[in-house]
Every structure is written in structure tokens, then in C-alpha cells.
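Starting from the two chains in their separate frames, assemble the complex, guided by the hints.
Note that the protein sequences, when read in sequence, are chains A and B.
35 is the number of the first residue of the first sequence in our numbering; add one for each residue after it.
322 is the number of the first residue of the second sequence in our numbering; add one for each residue after it.
Since the hints were derived computationally from the structure, they do not count as laboratory data.
Glycine included, every Cβ here is placed at the ideal spot set by N, Cα and C.
Treat the hints with care, since some could be wrong.
Residues of chain B placed beyond 12 angstroms of chain A at every Cβ, according to the derived structure [claimed, not checked]:
hint, residue
1, Ala366
2, Ala413
3, Gln437
4, Lys491
5, Ala503
6, Val506
7, Gly618
8, Ala717
9, Glu724
10, Ala759
Capping the alpha-carbon separation at 27 angstroms, the derived lysine-lysine pairs in DSS-like fashion look like this [as the list claims (entries may be wrong)]:
hint, chain 1, residue 1, chain 2, residue 2
11, A, Lys159, A, Lys187
12, A, Lys144, A, Lys159
13, A, Lys187, B, Lys408
14, A, Lys86, B, Lys723
15, A, Lys99, A, Lys262
16, A, Lys175, A, Lys159
17, A, Lys187, A, Lys114
18, A, Lys187, A, Lys158
19, A, Lys175, B, Lys723
20, B, Lys491, A, Lys114
21, A, Lys114, A, Lys99
22, A, Lys158, A, Lys144
23, A, Lys144, B, Lys723
24, A, Lys158, A, Lys86
25, A, Lys144, A, Lys114
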Amino acid sequence: MSLLEVKDLQVSVDEREILHGLSLTVNLGEIHAIMGPNGSGKSTLSHVIAGKPGYEVTGGEILFKGEDLLEMSPDERAVKGVFLAFQYPVEIPGVTTINFLRTALNAQRKARGESEFLVPDFLKKMRSVASSLNIPMDMLKRGVNVGFSGGEKKRNEILQMALFEPSLCILDEMDSGLDIDALRVAADGVNALRSPDRAMVVITHYQRLLNYIVPDVVHVMSKGRVVKSGGKELALELEASGYAQFEDAA
Amino acid sequence: MNLVLAKTETGRALNDIFDVARDRLPGGGKVADARRQAFEVYERAGLPHRRIEDWKYTDLRALMREVLPPAATPDAATVKRAGSALKPHAIAGARRLVLVDGVFAPQLSDTGDFEQGLSVRTLREVLEAGDAALQAQLLSPASSDPMVALNSAMMTDGLVIEVADGTALKQPLHIVHIATAAHPVAMFTRSLLKLGKSAGATLVESYIGADGVKTYQVHDSLLLTVDDGARLDHVRLVEDGREAFNICAAVVTLGAHAHYNIFGMTSGGNLSRYHAVIAVAGEHSRVETSGVNLLNGRQHADTTLFLDHAVPNGTSREVFRAVVDDRGHSVFQGRIIVRPQAQKTDARMMTRALLLSDDAEADNKPELEIFADDVVCGHGATTGALDESLLFYLRARGLSEKEAQALLIQAFVGEAIEQIASDDLRGLAMSAAERWLAARS
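Looking at chain B on its own, in the form it has when it is part of the complex (with noise of 0.2 angstroms):
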């Protein structure tokens, strides 16, 4: 009863604010038309829940329970109070790019020194004066999911960037979600990267909140074609506001001979989800997927991973890891398709947790579909506590049980942490691995 009345209660809420919000969303015609569409998909679903497999372990309706309204374009006042946050998630040498309350920020950005080759447009622009194809390429998110579907309604700024065949950026690209809501809002953000043939670049996403931020959601989603020949790293972390919830959809496409590195954390925010479909669509093509979550408080990080192998001789590698402390909750699910024509594929999974209190829950869900008979394809999944003997060995050496528990817990998710490619952007994560001990002691 409870549930119907929420539903209700939301849809008409949001369905309000789909009415006032949509003469300003960016685009008109077949982008207006495809919003109304995704909006209705959504108003039918309304929030997932716990009956929505891909949901089962996070139920929006009982944890997030509404969409916050849209928050405003932010003025002069607010970008300078984001900027001030933004330093201690610099990366030096990196091409910044920054969205504040979900709206691009030139005066926080780099914009200009563009590398031959590299194209970055807002996704305002693009909708509203780009060409037709890549309109219907920031379009193409299936609606299936509700969440994409109100993201692809709602989606107000983000960054469209190109890089053309045969270029590779030396200077990695940095984009960066600031929160600085007083109020209540929600963010709507949507974000494509294309790499052309023979390209290479490096994406680091960092989402934070700005001093003093409370509530906020993030709709995020981010598109990525990785053409034939080419190789993009890519980094997540997400450190947002102990009271923000971040739901983001990824769509992954690579091409043959392909290399797609990803790493992600979460160590920040209240509720996380990130949905990630790769298909790997070309030969010969490799996707090392990697993750750490950090969690304490009553944190809960879902992420969701579907590897798509539709062709033969791809190989995939996902390595993941969970800390998860007082009442946290981590959830992994990661599904691997080989399907029949995938012969010769590669694909592996490892997910291991690790509980530093009675409360904390993790929960693995693998799922192997194979159709094809020529293949390696491998899962295992642990779960369990630091070990006594490990922690008295150190202790005995001075170590205080802070101190000990610290170590041991870099030691594990190091090994996630070194699946990503640079030093650089290793150091990067540990530090932010770093962040979360630090403040747990």
C-alpha cells in the first residue's frame, strides 16, 4: 500500500516538473520528442525496486525514495564556491572540465591549447545545434532501464568530445561534477566521449560536493565508442557528499583491436549506482575492468556490470574490490555474455570483500551466459574478515590497530588499484583510498 502511494506520490510530483522544466532542457524537435518519450517510459516504471533483478539489491523506491527538482543554473557566486572545492581533486597536467550543479563552468574549465585533433562541445550546444548523427548517437541509451530513461528526459548540460583517428591526447581529460545545493536538487548530466581509429586518451571523473553540501542527487550517464585501434583509460571517483546519491549509466562500444582500461572507487556519497554495459563489438579487442569500494556509515555502492562479447577473440578482466565498514553495503553484480559467434573469448572475474563489522553486507552476484564452446571463462568471489594473525603480527610491531587495519586494507584493494595502466593515475586513487582511511580513524 505504502509502495503505490510513494509511486503516486513521485511520479505526479516529478511529472510537474517535467511540464515546467522541459521549454528550458536544451533541444527542439526530434530531441524534445524523444524526451517526452523517455519521460513517459519513465512515469511507467517510476523508480526501480527490489522486484527489478537489476535492482534486487537496490531498492531506489525504499533508499532514495523520490527525484529531487532540478537544481538552477548556477550563478557567479555559486561556480566560485565550487571552484574553491576543486582543489584537492587537481590532477596536474590534466585538461579540466568542470560541471557545476550539473551545468558546465567555462571560468572553472581549460579551454583553450586544444591538442589538434581533440573536440570538446557542451551537450547544450550539440542538442541544440549539432549535427543529426550525433544527436541520435546521445540519443541512443535504451529506455529500458527507468533511471536512463529519465536521464535521457531530463538531461540538461555535459560534455561532448572527439577524438579524431589517429590522434593520441598527451593530456589526459579531467571531468569534474561539483554539488553546491543548499536546497534539495538533482542533476541531470549526460556525457560522450568518441575515440577514432588508432586514438588513445585518458578520462578521469571526479564527483564531489562543495563544503557544506547536503542533499543532492546526481543523474549521471556517459557514452564511450572506443574505434578500431584504439585505447582509452579511464578513471571514476566518486567522493561525493556523505548525503548525495549518484546514479550513473555507462554505455561502452569498442571496435577491433581495442583496449578499454576502466577503474572505479567510491568512497563518498550515501547511495551509489553505477550501470555499465560494455560491448566488446570488434576482434581482438581487451576490456580490464577494475573497482573499490570504501564504505562505512550507512553508505551503499552498487555497481553493475554487463560485458558484452559478440564477436570472437576478446578477452575481459574485472577485479574487484570491497571494504565495507559499521552498516555499509556493497554490491557487485557483474554479468559476462560470450554469445554463440564469441569463440575464442577470454573472460575472467574476481570480486572479493572485505567486512570490518558484524553489520556490513556484501553482496556478489556473478552471471556467466555462454553459448559459445571454445572459450575461458572463469568467476570466484570471497568474502570475509581482516585475519587476527595478520593484524597481531603487525600490532606487534608497533602498528596500532588503526594503523594495522589501515595497511591491510591498502593491501587489498592495491590489488584492484593495480590494474590501472599509470603510475599517475594509481597514485591518484591511492590518495583517494588514502582520504577514506584518514577520515575512518
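Chain A with its partners taken away, still in its complex shape (with noise of 0.2 angstroms):
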């Protein structure tokens, strides 16, 4: 059984439609990149999988492990191990980076019918996690992301996966807003999160990101479908020739 099966998916936004039977399967241990000029669906795929509110899914299916995902909550999928990393995520003032993420961590746990983490284990398991993004302690004691800068909120997002453990990350154009260098400790921290049991959807406008996450599988989208799919090389010809060559296949 694959993790995920997108099947002729169709998704309609105030009934402009954006996705026009898209078709997507990804199995646990691969890494795929989502490639595509602006405006080809990119985001709205990831938003879609993620449950935001908002787009209508006026044909096909998602199947996530075999279970139907479209008929979940978005909490109800972030509990079976869907997790999105958001292109620019939100701040919250008022609520700590550390209580998020604990209320998050065992709002899940307790979802699952797991025992919660006690704050100590907690604090514990955090420290190791963050250390190893390079996150200093007092940035986890501000509001979520509050005043963070764009490296510290994409890092942020990556201490999220490594916690919470999910079994399909999907990146929403993790590159945006970074230079080189936030850029590398990011991909590290991803790259640290690949496993056997987990698959990733990266979703990038540019090849670059690509150098540093190296996928297995490389998709093209254009105008709302999947118009190519190949191995890593892929990506290094569509930044030879640019996504010109895909508008008309679509």
C-alpha cells in the first residue's frame, strides 16, 4: 500500500478551478520534488492535503495510508501523520514557542492514546532537537515566531517534524526567504529527518533547494497536472530550459 495516492484530483477555489485532475503516489522511505512555475497548483496541492479551509475537492480522491484523507480534520490528519511545513508561517503572539509545541505534541499523543509527555521528558527531548537545528533556548521561550527571522521560522518548522515524528512531511517552498547559508541548516535538518518510515513532498519553484535535498522522484506541474515525472535529473534540465517547453503540454 503506497502512503499516499492523489487520484484525478480536482479543487476548485470561489469555483475558479486550480487543479484539474491531478494524479500523485508517494511510498514511505521516498523523497519527491514538486516543481513548477507559479501559478500551476503547487501550494494549492500542498494546502488541499493539509485540510486548510477554503478550496473544494469537486473530483478524485486522496488516500493517506489507505484511509480516505478528504474526510478528515485537519488535526484528525496531522494526528495520522500528515504535516505540512508552511511557506510562511504564522506568528502567534502570546503563546510560547514551548507551549505550542508541547500542547501540540500531546494534543496528538493523546489523540493516538499515547500517555503525554511529562514537562521534564519534554524539555529533554526538545533541547536535543533543538540543539541540533542550532535553535538558542530563549527563542523558544518567545511567541511562535514572533520577531523570528525567515531562517529562524523555516527552522522552526523543521523542529516541529523532528517532534512530532510524522510519517509525510510536505515542505511548501522551504527555500523562500532563506539565503545560502539559512538554507543549508535547514536542508541538514531535513535531511536528518529522512528515514524508511517517513516519505517527503518537496515543493520548490527552483532547482537549487534540489541540491541540497536530493529526491528520488522529480515531478513537473503545469496549469493544475502532474505533465512530467522523472528521476533527480530532471530538475537540472528544467533549469536549463525552464518551465517554457510544459505550458503547452498542459
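This is how it looks when you write it as C-alpha cells:
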């Protein structure tokens, strides 16, 4: 059984169709890259998988571990192991990062019928993950993402991935707004989470990110469909020739 | 036509009550005269209604309709029942002073081992046998507000607390108002706290109902004087039963270099109104007032503050948050007056309301009257719903809708709770907020 099966997915926003029958299969242990020009529907796909309100699915289905993902609320999806690393992580003033992380982790564990983490155990786990991502403790005492730089926000997303241990990670434009050093730190964090028990879908506009997070499969999206799939060399080909050749194919 | 009828009916019924009760009310001579005069003021005005500016959003004629008869003096069984309701509201290390159905209950109170410089008496004692100056102070609140006049006429008991010059109390004072009423009744209380020069105290007031309590009315008033160099930290937690009415007026007077920090939270009751007049009468004094309303069902809570800067170099801060669900209604009226001689006043007010349903209502009425030219004054107000993008982020991390809302609500009210100076009191306020959030889900 595949981890994620997207079958002929059709999605509209405000009665305008964005995805016109998109299909995608992702197995455990794989890293898929989804590339495509702006407006091709990459972020829409990631939002629909995570359950963001405002999208209407008019056709097709998404199976996650064989279950109908579209029937689940966003929190049920998170509990089952879906994780979306946001392109623009939100700021939540008044909620410290530590409190947020512990509340979220325990909410997931509780929903799965697992025991909740006690404070000392949680802090120990969080400290070890944070230090591997160069996240200082004082950053974790601040409001969630409040006053964080672009790089800090992305590292905070990866910190959550490491803590929650999801089986599917969707990284939405993780490279946007990052300089090359920040990108390297974030990519190292992601690579450390590669595992046979986990799959990743890396959404990006540029090939650059894929030098650091090397994919097994590359998909090209254009106008709401996957128009070509191939190995990692497809990304390099795109870098050389651009997206224009696919605009017509779609 | 209906209004006139309601007023007449209410007036007559209460007139009988006053006639019956007044022989049992503490204090003779001048006190009795003052009661009679105050009652006449109330009788002429009747319950306040929406055409009286101060009561614009809280029309007691429509919402409360009548003043209930006074509660009976509690017997031993009643006091015992009240005692069992105290536990979740206990504050470790505090000196507890309990009023059951508006009457001081020594059995439930800490009446021994007074710190030096602390004097605690009941209102009844002072009105019957106190010195004239103290009695005059207790009768001082202006009767221009009909509900204050009613309270002056009917006040039955309360606490009169004096802290001597230079005494900083280590133990917080915790006044608990418990209603046990099995029948609809009213309680009329008045308390006074006098802080001497350079004195310090912490006062917590809790308003609660015993298990199974039905409709009741709390009519309370509070006089606070904070003398030169003194500091008072004050927390009010209104967690009354859901059919309760709580009408309270406070008069606070600050000397020079005094510091008054107050936080109020209303999460209980059917209708509550807190009207505070804070007079900054000495230079270089500071007032921090903050509050939170947590309302659902058809709850109505009104906080009306009047900050009077009468002298130069005063500072005041007001931070107010309202969270309103269902058909709840939150009212905040903040009036700041800076009198002509009050130069270098620094006064700021910020109110924010969070509406959780389409039928929820929040009214903010800031009023700044500035008659001095060298001052810093400002106010701001916002009203809105929970941010959908924040809710989605939290839900994408595994929090249920209720859990996500609760976390954002805690953060929202946290900005007001942070204004409380001590960690322990902040914890107390946060637990009261958590009780409300837990009851919601």
C-alpha cells in the first residue's frame, strides 16, 4: 500500500478550478520534488492535503495509508501523520514556542491514545532536537515565530517535524526567503529526518533546493496537472531549459 | 407604558422591604438618617435605564427588572454549605474573610494572628459603635448613582480594614462573597480598605455561588484609600452562579507617590456591572487597571471606569480584553479626565474584544476629557474574530478546534493578565480563565 495516493484530484477556489485532475503516488522512504512555475497549483495541492479551509474538492480522492484523507479534519490528519511545513509560518503572539510545542505534541499523542509527555521529558527531547538545528533556548521562550527571521521560522517548522515524527512531510517552498547559509542549515535538518518510515514531498520553484535535499522522483506541474515525472536529473534539465516547454503540454 | 408600570411596582415593593428591614439594619442616629435620605434618592430615580448615559448599555430596568428582598441572616447549616463551596477558590497563604449571603461568617474566616498594624472589623460593628469619622467615610460615596444610593440605604455588613502607616502586609487579604440562597434574594454589602502612609497590601475579592444556587443579587460597594507612598494590589474575580446579578461600585482615592494595581475578571454571573471611580489626588502616583470579560450564553458584563487625574505627574494604564461567545454582551466604558492643573499626566487605555459568534456583542466607549495642555493621553480599541490562519496553523499541528481556540483565547487574555504584578495572583487569574475555557468545551 502506498503512503499517499492522490487520484484525479480536482479542486476549485471561488468556483475557479485550480487543479484539473492531478494524480500522485508517494511511498514510504521516498522523497518527491514537485516543481513548477508560479500559479501551477503546487501550494494548492499542499493546502488541500493538509486540510486548509477555502478549497472545494470537486472530483477525485486522496488516500493516506489507505484511508480517505478528505473526510478528516486538519487535526485528525496531523494525528495520522501528515505534516505541512508552511511557506509562511504564522506568528502567534502570547503563546510561547515551548508551550505551543508541548500542547501540540500532547494533543497528538492523546488523540492517538498514547501517554502525554511530562514537562521534564518533553524539555529533554525538545532541547536535543533544538540544539541539532542551532535553535537557542531563548528563541523557544518567545511567542511562536514572533520576531523570528525567515530562517528561524523555517527552522522552527523543521523542529516541529522532528518532534512530531510524522510519516508524511510536505515542505512548501522551504527555500523562499532564505539565504544560502540558512538554506543549508534547514536542508541539513530535513536530511537528518530522512527515514524508511517517512516520505517527503518537497515543493519548490527552484532547482537550487534540490542540490541540498536530493529527491528520488521529480514531478513537473503546470496548469493544475502533473505533466512530467522523472528522476532527479529532470530537475537539472528544467534548470537549463525552463518551464516554458511544459506550458503547452498542459 | 410598561416602563412606568415596572417602576411603580418595583418602587412600592422595595419601599415595603426598606420599611421592614430598616430597624434591623446596623447603625442608628446619623447612619439611620443617611440611610433614609439615600433610599429617597433611590426611590425617586428607580433602577437605572438606557437613557442614563452611564447605564446606556446596561439597562437594569430591562435586564434585572426588580430588586430582590434581602437575604435572611445565615444559620449554621447555611454557613456549612457555604464552606464546602470555598475550596476551589482558596488562596494558599491568604487571610480569608468570608461573607455568606452578605453577612460576615467568622466560622469560615481567619480571625486570629493578626499582623501588627492590621485591623479588621465588620461593617456592622463600625456602623453601630465605630468612631464618627470612620462612619462618615463609610457614608461618603455620592448618591448621584441610584445603585450606590440603594447600597447606602440597605448595606448590611462588610469588612472595614485598616493598615497602619508603614505596614506592608505579608499575607494577602481574601474577601470571599458566597451566595447560598435557595430562594431569590439580594445581598447588600460595603467594605472599606484604608492603607496608611507607605503601607502595602494585596486584596483579592471573589464572588461565588454555593452549589445549586439560583437567582440572587449582589449589591456591593468598596471604598479604597491608598495614602502617600502606599501600594495596593487588587484582584477581583467574579465567578458567580449563572443566574446571578452582581452590581458593584468602587471609589478609590490615591495620595502622592501611591501605586494602585487592579485586575478584574468576570467569567460568571448572568449580569454584572463594575463601576469604579479612581481619583488620582496626589502627585507622582500610578494606576494600572486591567481586566478580562469571558462571556457566553446570554451573559452580560459591564466595566465602567472613571479615572480622574486631578493633580500633575500622574500615570495611568488601562488594558482591557473581552472574549464573547454565543449571545454574550461585553461593555467597557473608560472615561479619563485630565483636569486643568494635572500637567504631565500620562494616561493610556487599550481595549480589545474577541467575538466568537455572530450574535456576540462588545461595546467599547472610550471618553477622554483633557483640560491640560502638557499631557500624553491615548486610547485604542479593536474588535474582531479569531484569526482563521492562526487556527488552521494550530489545527495542522494536531490541536482540535476547541483546543486551538482555547490556546488563542488564553494568549489574548494573557496580555491583560500579565499586568498583574505578582506571579501567584497571575496564576490565580489564569486558573479562573482556564475554568471558563474548560466549561466551554
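Taking the hints in turn, this is what the structure says about them:
Distance to chain A confirms alanine 366/B as a non-interface residue, since its nearest Cβ pair spans about 43 angstroms, more than 12 angstroms. With 12 angstroms as the threshold on Cβ separation, the claim that alanine 413/B sits away from chain A holds: the shortest Cβ distance comes to roughly 21 angstroms. The non-interface label for glutamine 437/B is consistent with chain A: the shortest C-beta to C-beta separation is roughly 41 angstroms, beyond 12 angstroms. Separation of lysine 491/B from chain A is adequate, the least Cβ-Cβ distance of about 30 angstroms exceeding the 12 angstroms criterion.
Non-interface status of alanine 503/B relative to chain A is upheld: no Cβ of that chain comes within 12 angstroms, the nearest being about 40 angstroms off. Against the 12 angstroms criterion, valine 506/B stays outside the reach of chain A, whose nearest CB is about 41 angstroms from its own CB. Residue-level check passed: glycine 618/B sits 26 angstroms from the nearest beta carbon of chain A, beyond 12 angstroms. A cut-off of 12 angstroms between C-beta atoms contradicts the statement that alanine 717/B is not in contact with chain A; the least separation is 5 angstroms.
Consistency note on glutamate 724/B: stated as away from chain A, yet its beta-carbon is not over 12 angstroms from all of that chain's, at 6 angstroms minimum. With a least CB separation of 14 angstroms from chain A, alanine 759/B remains clear of the 12 angstroms interface cut-off, as annotated. Between lysine 159/A and lysine 187/A the CA atoms are separated by roughly 20 angstroms; this keeps the pair inside 27 angstroms, and the hint holds. This hinted pair checks out: lysine 144/A and lysine 159/A have alpha carbons roughly 18 angstroms apart, not beyond 27 angstroms.
For the suggested pair lysine 187/A and lysine 408/B, the alpha carbons sit about 44 angstroms apart, so the restraint of at most 27 angstroms is broken. At roughly 17 angstroms between alpha-carbon atoms, lysine 86/A and lysine 723/B fall within 27 angstroms of each other, so this suggested pair holds. Restraint check for lysine 99/A and lysine 262/A: the C-alpha separation of about 25 angstroms stays at or below 27 angstroms, so the hint holds. Using a Cα cut-off of 27 angstroms, the hinted pair lysine 175/A and lysine 159/A holds, with the two alpha carbons roughly 16 angstroms apart.
Restraint check for lysine 187/A and lysine 114/A: satisfied, since their Cα atoms lie roughly 24 angstroms apart, inside the 27 angstroms limit. Restraint check for lysine 187/A and lysine 158/A: satisfied, since their Cα atoms lie roughly 21 angstroms apart, inside the 27 angstroms limit. Between lysine 175/A and lysine 723/B the alpha-carbon distance is near 24 angstroms, which keeps this suggested pair within the 27 angstroms criterion. The suggested pairing of lysine 491/B with lysine 114/A is violated, with an alpha-carbon distance near 52 angstroms, which exceeds 27 angstroms.
Taken as a hint, the lysine 114/A and lysine 99/A pair is honoured in the structure, with Cα atoms around 9 angstroms apart against an allowance of 27 angstroms. Between lysine 158/A and lysine 144/A the alpha-carbon distance is near 19 angstroms, which keeps this suggested pair within the 27 angstroms criterion. About 15 angstroms separates the Cα atoms of lysine 144/A and lysine 723/B, which keeps this hinted pair within 27 angstroms; it holds. For the proposed pair lysine 158/A and lysine 86/A, the alpha carbon gap of about 32 angstroms is over 27 angstroms, so the pair is violated.
Annotation: proposed proximity of lysine 144/A to lysine 114/A holds, straight-line Cα distance about 12 angstroms (limit 27 angstroms).
Violation of the numbered hints given earlier is confined to hints 8, 9, 13, 20, 24; the remaining hints are satisfied by the structure.
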